[in-house]
Amino acid sequence: MIARNWVILPIAMILVSARAGDAGTLEDNLSAYTDQTAEGYLKPLQTAFGQGLNSNLFTTAAVPSIGFHAHFDIKAMSMLYDDADKTFMATTGGDFTPAQQVQVPTAVGSTESVIVDGDSGTQYIFPGGFDLSSFSFGVPQLTVSGLGTEVMVRWLGFSTGTNEVGDVSLLGLGIRHGISRYVPSLGFDLSAGFYYNKFSVDTDLVDVETYSFGVQASKGFPVLSPYGGLSYDTVEMSSVYTANVGAGEETIHLDMKTEKTFHATGGANMNLGFFHANGALDFAKHFGVSVGVGVGF
Amino acid sequence: MSKHVVFIVLAPLLLTSCFVSTKSVEVPIRDEATVRFMALGVAGSDPQLIDFCQELSDAESGDIDKVVHVSVENLYWRLVENRGTPGTQVTANVTIQRVGGGSAVLVPDTTFVLSDADTVFAPARLDSAGLALLLEGMNEYVDYYNSGKVGPCPSLDYTFTWSMTATPFADFTWEAKVKFTIVAVARVDVPDLWGN
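Chains as they are written, first to last, in the numbering used here: chain F, 1 to 297; chain B, 298 to 493.
Same shape as in the complex, but just chain F:
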């Protein structure tokens, strides 16, 4: 059985309207994995997507104390993969004998499947990946601030048009408070914030939740203002899919291990009156690049 839209998970996660032919879904790939090994296959998607959701959340630490301010931005984040993200050790599933551990591609690894020989000429097939060098996506973001406090909202939702996935939605919320207002002699702006993102799919094929707690610093200049931040991020991911391992099909509820990492950001924000743009580098599980453009007052 080959269902449509082989790349439906990357589409759903990256929020890209890439089109595939009538190929299989990621669920076809995952079907070779029990919950013990599916985590290794999906791990690079969890870490990169989670890091992206926890990136590009701010462009300054200056949270205005006076007046009402609002920004609308389009944010794009890209996390790069290295060789270590491309493979993992998987175990043959079901009743295949003898059980074997082999190095196989992750979802971002080589597109070639791996064939394992068993007893009496039987063979077990591990799926290939999508051969991705990066994980990139974009989101719209609205930021409103006043009285030294800022609130951030991200939202995106659409229908994939397939029964395998259904509707996809992303919601991000954040709150930040300016700290430097209490220490006027600091000489730069300082703030602290908390951010939450939730990505979900109707069919529960993929659900991702991220949390980020951190401090931000920036120094204001007329046009180009440097900023940076340090945060502690967590990424939770779960997946519900049908495994075709052993004699029959089985619904797998996979709760992946929560990823916890420190996340450093350094960048600059360019102010051009009503318009602004930013660029930053991110250092966490992956090296990442973030850019954004927007309007606001």
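For the record, the hints were derived by calculation from the structure and aren't laboratory data.
It should be emphasised that the depicted structure is a prediction, and the values quoted were computed from it without experimental measurement.
Keep in mind that the hints are not guaranteed to be accurate.
Cross-link-like lysine to aspartate or glutamate pairs, in silico, EDC-like; alpha carbons within 16 Å at most [as the list claims (entries may be wrong)]:
#1 F:K257 - F:E209
#2 F:K257 - F:D207
#3 B:K363 - F:E112
#4 B:K474 - F:E112
#5 B:K446 - B:D355
#6 F:K257 - F:E236
#7 B:K446 - B:D328
#8 B:K474 - F:E249
#9 F:K43 - F:D207
Position chain B relative to chain F; hints supplied.
Okay, now just chain B, sitting in the frame of chain F:
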């Protein structure tokens, strides 16, 4: 405003289509062929036919570029219904014969008591000769597919014959399942900003 409209408005802003690249990925397609046998009396056999051309065609019915490999992952069996004595002891084997071709043992002689047989599928002990005969035909299908499916599908009719002796008397139905995997290549568009 519906979510769909919001996405349509925002999609161009995401500029994502400019970093989509096409890749050829190997897709494993798992499927199975099932056959049911009857056992009656103190000795006997029951031949059943499977058309693997049809089975493989049904499995790969999608938009794929080529088939690179076909393999058998396992053979399973289960007791469907025992109408006879639970304590009946059975010794049985399964041979496979390609219609118009050779034959070989697929499952060597196995002895069991019906009361110990499970109604849930369990893996069977396989003979490599029988499996090789089956894979020979499946590989012909790979060649047929990759040559553009010109002409009729090669004859991949296989007769599975179950032969048994029973003490004191058998009256049951059982089922076998050949679980196979087709590895196909499909072209897909994936978003990769820094990829080739």
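Those earlier numbered hints the structure runs against, lowest number first: Checked against the structure, the hints that fail are numbers 4 and 7, while the rest are satisfied.
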